[in-house]
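Peer 1: Please build the complete structure, drawing on both the sequences and the hints.
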Amino acid sequence: MSTRAASAIRHPDEVVCAVRGLTKTYPAVRGRRGTPATPEVRATDGVELDIRRGEIFGLLGPNGAGKSTLVRQMTGLMRPDAGTVEILGHDIVRHPERAARILAYLGQESTALDELTVSLAAETTGRLRGLDVRQARRERDAVLDELGLTPLAGRTLRKLSGGQRRLACFASVLVGERPLLVLDEPTTGMDPVARRAVWSAVDRRRAEQGTTVLLVTHNVIEAETVLDRVAVLDRGRVIACDTPAGLKEQVAGEVRVELVWRERAPLDVPEVAALRERAVESGRRWTLRLAPDEARAVVATVTGGAAFAALDDFTLATPSLEDVYLALGGAARQGLVRA
Amino acid sequence: MSVVPAEVLPGGARAVTGTVRATVTAELGPRARLWPSLVAVYRAQLSRARVARIPLLFVATFQSVGILIMMRGVVDGGSEAESVVAGSAVLVVAFVALNLLAQYFGQLRASGGLDHYATLPVPPAAVVLGAAGAYASFTVPGTLVTAVFGCVLFGLPLTHLWVLAAVIPLAGAALSGLGAAFGLLAPRPELATVLGQLGMSAALLLGVLPPDRMPEAVRFARDLLPSTYGVEAFARTFGADPDWALVLGDLAVCAGVGVVSLAVATWAYRRAAVR
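Taken in order, these protein sequences are the chains called P and X.
Mapping of the first sequence onto numbering that gives the first Met the number 0: residues 0 to 338, in sequence order.
Mapping of the second sequence onto numbering that gives the first Met the number 0: residues 0 to 274, in sequence order.
Treat the hints as calculated values from the structure; they're not laboratory data.
Here a beta-carbon is modelled for each residue, glycine too, at the ideal position from N, C-alpha and C.
Treat the hints with care, since some could be wrong.
Quick list of simulated restraints, FRET-style, between CB atoms [claimed, not checked]:
#, chain 1, residue 1, chain 2, residue 2, range
1, P, R31, X, A262, 30 to 40 Å
2, X, A25, P, E257, 41 to 51 Å
3, P, R261, X, S110, 42 to 52 Å
4, P, T83, X, W161, 50 to 60 Å
5, P, R157, X, A244, 16 to 26 Å
6, X, A25, P, D292, 28 to 38 Å
7, P, T37, X, S110, 13 to 23 Å
Here are some chain X residues the structure puts well away from chain P; computed CB gaps all over 12 Å [what the hints assert, rightly or not]:
#, residue
8, R32
9, V40
10, L119
11, G129
12, P140
13, C150
14, V258
Peer 2: What follows is the structure in structure tokens.
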């Protein structure tokens, strides 16, 4: 993906969006028949962020980390309990209605557009973003063409595949230019062609208009390839924030070893039994994070002797952002995806 | 797993650099004005309804036609026939504008679909009025078919059917405002559906059945229902010499309720959009 090319046009000194001490607590819910009680949850807990002009800034974390809650507060959809959000000089907590005039938001749901044709969804959204009919139609045609959606223009969103529907929603986000795009998992379900269309459309706007992008994702590979900077979220807190390369350097001394056993781990082999407490188990798969020489010893053990008979597959890999998340104390053992 | 280098932890979680604080200020994008955005929402909703709602419109019409046929065996003519025909015609409006709109907004709210509108600079009134207008428009064919069929079946004159041009939008405004408010205020979508159904059942029972045989309490409930005034206005025009002042009075009540219920729905939308 070619987003690296655009990083030259970043404006490192200009802060587009400043978040300070943002906190939101969902109150405890008393249990009723059929619904268990839930304790008080801090969905965002003192979040501080600076997003600079022209960058693709990512929020990475497993499901339930508070990414969507944070984004909803930053787009004026939800009032925080405390803290401030300033976007391009406007106080969004005090004037939530201004958010709609500064940013375009792609949420996870498409229900508002589902029964419209691709073309009408884009045109209507443009009109509701303040364009007149002629402008809205012109921009609609340009965006559908840019994203390769013109052949689908007359189809209803509901009749499209998940990835195509997502792309159509993304198209409606682009009609009516905005300096900040907030995209909540935009590429879910998309094939590689559609993904490329999304990222090149984003790149073009960054290069031509200095557009800033706030991206929510739980996809580690996507985070590593498209983001300029990433904030790692865990249980409502930002546990790290840097470039993907910078974050990975923090765990550079590590190697990830994945072992997949045929049926179950040969615990009768003492070396394997000793490894068990350091492994994260997921069915037949063990994931270990080890120093390079330890990793070599483990590979030697499992590829020889009795353990090898029980081994189905193994991989050695350099650390990913997922390892960063876990090394920084991320609580969820699963929830980040590599796709 | 203690693989974290010690120096990473303390400052590592900082996303704010402190020195970089040259915030840029941007002009706000344009606000979408009321009428153009109302028209845009109306058009979109109309096309939506064309795709997804046609079967339900048939259901609405057949239901009313069925009631007419059923009542034919009970009622012979006269003022009772007039209220049966008027009631069945307005029932189509109640089914679509009240019941279906309550369901639509209930589902939109529950599924997070309102976020789409809430992050566009569109006046809340445009979203509510656009949707309500589209649903009310979709009652037109069903209401006309029912009214004509009823007049033929009961031998009533077709002379003043033009009054439907006022009855449909005004009763439509009152009922769709109510439907939208139900959908947006109900804490769960199932509850919105139930409220919409109950409202429609009330319109059916209290609107179609001739009022003269009802007990006092039921008649009072009938007076509270906004669709009643649409039914009465329409029923009055079947007479040889309709009292137009009373017709206008009934329509004015519809209009008044419409303004209030649409205002409530707009307020409910605002409340639902920012949680």
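Peer 1: Now, for every hint given, state plainly whether the structure supports it.
Peer 2: Each hint, compared with the structure:
1. P/R31 with X/A262: 30 to 40 Å: Cβ of P/R31 to Cβ of X/A262: about 34 Å, so the range 30 to 40 Å holds.
2. X/A25 with P/E257: 41 to 51 Å: Holds, since X/A25 and P/E257 (Cβ atoms, about 47 Å apart) stay within the stated range.
3. P/R261 with X/S110: 42 to 52 Å: Between P/R261 and X/S110, where Cβ atoms are some 44 Å apart, the hint holds.
4. P/T83 with X/W161: 50 to 60 Å: 59 Å, holds
5. P/R157 with X/A244: 16 to 26 Å: 49 Å, violated
6. X/A25 with P/D292: 28 to 38 Å: 53 Å, violated
7. P/T37 with X/S110: 13 to 23 Å: 21 Å, holds
8. R32: 8 Å, violated
9. V40: Violated, since 7 Å does not exceed 12 Å.
10. L119: 4 Å, violated
11. G129: 10 Å, violated
12. P140: Holds, since 19 Å exceeds 12 Å.
13. C150: 35 Å, holds
14. V258: The claim stands: X/V258 keeps its Cβ more than 12 Å from every Cβ of chain P (closest is about 24 Å).
Hints 5, 6, 8, 9, 10 and 11, counting from the list given before, are not met by this structure.
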